[in-house]
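Participant: The listed protein sequences correspond, in order, to chains A and B.
Under my numbering, the first residue of the first sequence carries the number 1, and numbering increases by one thereafter.
Under my numbering, the first residue of the second sequence carries the number 1, and numbering increases by one thereafter.
These stretches of chain A come out as covered by chain B in the derived footprint (C-beta under 8 Å, 3 or more residues): (1) 71-78; (2) 101-112; (3) 185-193; (4) 253-263; (5) 385-393; (6) 400-413.
Calculated from the structure, these hints are not laboratory results.
Note that CB positions come from ideal geometry on N, CA and C, so glycine has one too.
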Amino acid sequence: MKRSTLWGWFVAIAVTALSGATLAQAPVEISFYYPVAVGGPITKLIDQFAADFEKENPGIKVKPIYSGSYQESITKALTAVKSNDAPTTSVLLSTDMFTLIDEEAIVPFDPLIKTPEDEAWLKGFYPAFMENSQTGGKTWGIPFQRSTIVLYYNKEMFKDAGLDPNRPPATWKEMAEHAQKLTKRDASGKVTQWGVQIPSSGFPYWLFQGLTTENDVQLMNAAGTETYYDKPAVIEALQYWMDLTSKYKVHPEGIVEWGTTPKDFFERKVAMIWTTTGNLTNVKNNAKFDFGVAMLPANKRRGSPTGGGNFYLFKQAKPEQQAAAFKFIKWITSPARAAQWGIDTGYVAVRPDAWATPVMRKYVAEFPPAAVARDQLQYAVAELSTHDNQRVTKALNDGLQAGLTGTKSAEQAMKDSQREAERLLRPYRK
Amino acid sequence: MTRSAQWLYGWLLLLPAAVLLALFTHYPAVATLWHSFRSTPKGSRASTFVGVDNYAQLIDDPIFWQSLTNNLWFALGTIPLSIALALLMAVWVNGKIAGRGFLRLAYFTPTVLPMIAVANIWLFFYTPEYGLLEQITGAFGLPAHNWLGSKNSALPALMVVTVWKEAGFFMIFYLAALQQMSPQLAEAAAIEGASRAYFFRRVTLPLLMPTTLFVLVNAVINAFRLVDHVVVMTRGGPDNATELLLYYIYEIGFRFWDSAYAAALTMVLLLLLGVVALLQFWFLERKVHYQ
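The shape of chain A in the complex, shown without the other chains (with noise of 0.2 Å):
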């Protein structure tokens, strides 16, 4: 090409990237990570809140970016950080908090929220939620997508087996029994449809926090720099979902995946499972049997942990971009649009009021279950959360499926997991 010509392009793309920037100047451009951590088209969703945003908010652009699971989600936004390409805010696990705060990546709410309107608003949501989001007096996370296991089982099924579809197993004693009762074999001894089904692939604390919950005993303090692996009730918690396997052979061997899980029990081979309440809308809409949603069984007292993902605002983001977030997260959070998120998964609208809303007493007064994981929250607790929180609940997912493969016994695996979780806090207890 001729040095003029060459010349001539350089100086045209050069003037039109420049009257690009100017022209951009103008919107607030704020982007933010999301996870998707249940089934359903989760990403359709978050594109329409983002689009009914900007329609409403024309001076502001929001930028939805899929990051995958929670875990990839923190990861993928640590690595931002450090590289100093954070997004403006991001949904990411309510547990990963002290991590965010560690790494200097996250600012607190507390200074955006001057008005008593604001204030009104961040009393509104359920103190459950919030306990995973406040720490130190302030309040890093704004609760978004949050959630409680639930089970699901299979109200054919139950029939079936002589069972009373609509009275689900309220203890552990009956879960076994209702299980046993619903394990099919065939002729050659193979299982053909198991009784209960508890995932342990990723992230098996959550759903034995479950299990040690209803053992009523906790997994952590709340200043998150003690964990408590090796309690005795914690050890019976693991010896009873063995003990599902090897005592009463109702639970599939090894380890059951996570994703799968609804698949297994919309393809019948699975009587219940504990799963997210995140996944209810998936579940209605695939599962073309008659279900049902119980909260878990108790043993000394009836209880989960809260789950999921809060909004955090990035230390990195200017000024006007983090005024423009905490808009968008305020006007996602309202009553009006929780309720809808809440129909539209089955995650837990996190206000009192969203469940207030017509739309919402509608959805109730038609399809039960919705209101399940809600009602559960008298007895929910915080999820596990500590200091470097992926490392130590690592510590413990280890010990658990150290346990559930038969490698080691319950009360082996629980106290190596407690000593590798001590050494990983010792530094933060100064």
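Since the structure of chain A is provided, determine the placement of chain B on it from the hints.
Facilitator: Chain B only, in chain A's frame:
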């Protein structure tokens, strides 16, 4: 051109390659070594010199030893098998058989698929209850098995996926080398009355030695490099049964952000691969006949 101009010209020609090499190979290696002797910076707490602390932590870490053992078993399981399979397939499709082109395509397809796609496909194969393997074994009346969910079968399951993917790639190299062999050799052997097996052992294999060396180096690198299927299929579980060294480094470095410890682990991996490469070239150099 004057001497100095020539010298400058030479260096300018080398510059792009040298810059890339320095930037992406030498600088990271030296930087990693430096970081492995310091602590991890956390937030506003800068990193400090801690000597061999990270290496001491490494020696005490049971998960590191587990990942090293896993990786060595993984290498042992995948390298000989994929090379042998590649050689066998290459010899078979080299001959004049019907449908040869289609067969070559079939063998090479696993290679062109991205590893993430392959891992997801095999995830379905291995799914208990209604995965493909379960359906096949069920049809034969064999008992059900949770391949990826039990400690003794998870790593072999991943090895199968790797061999399936790699064998086609190595087959291409062997096929090219086989086709370069002079047909006169085969004719001479036939005249002398040598059997096919004798010909293969005493003529074909030695002549394929350069290719075998190349394939072996690649296979060793891949045994330590390929962790995509671990990410998709097992995430290191159950209980670190499929924790490979590179995946462990990724977990420490990017999930837990303990960058100093990850640097120490990386130095170990670097040392291991360096030693293996040296052994390979020194030992096999004697056996390789270049034409």
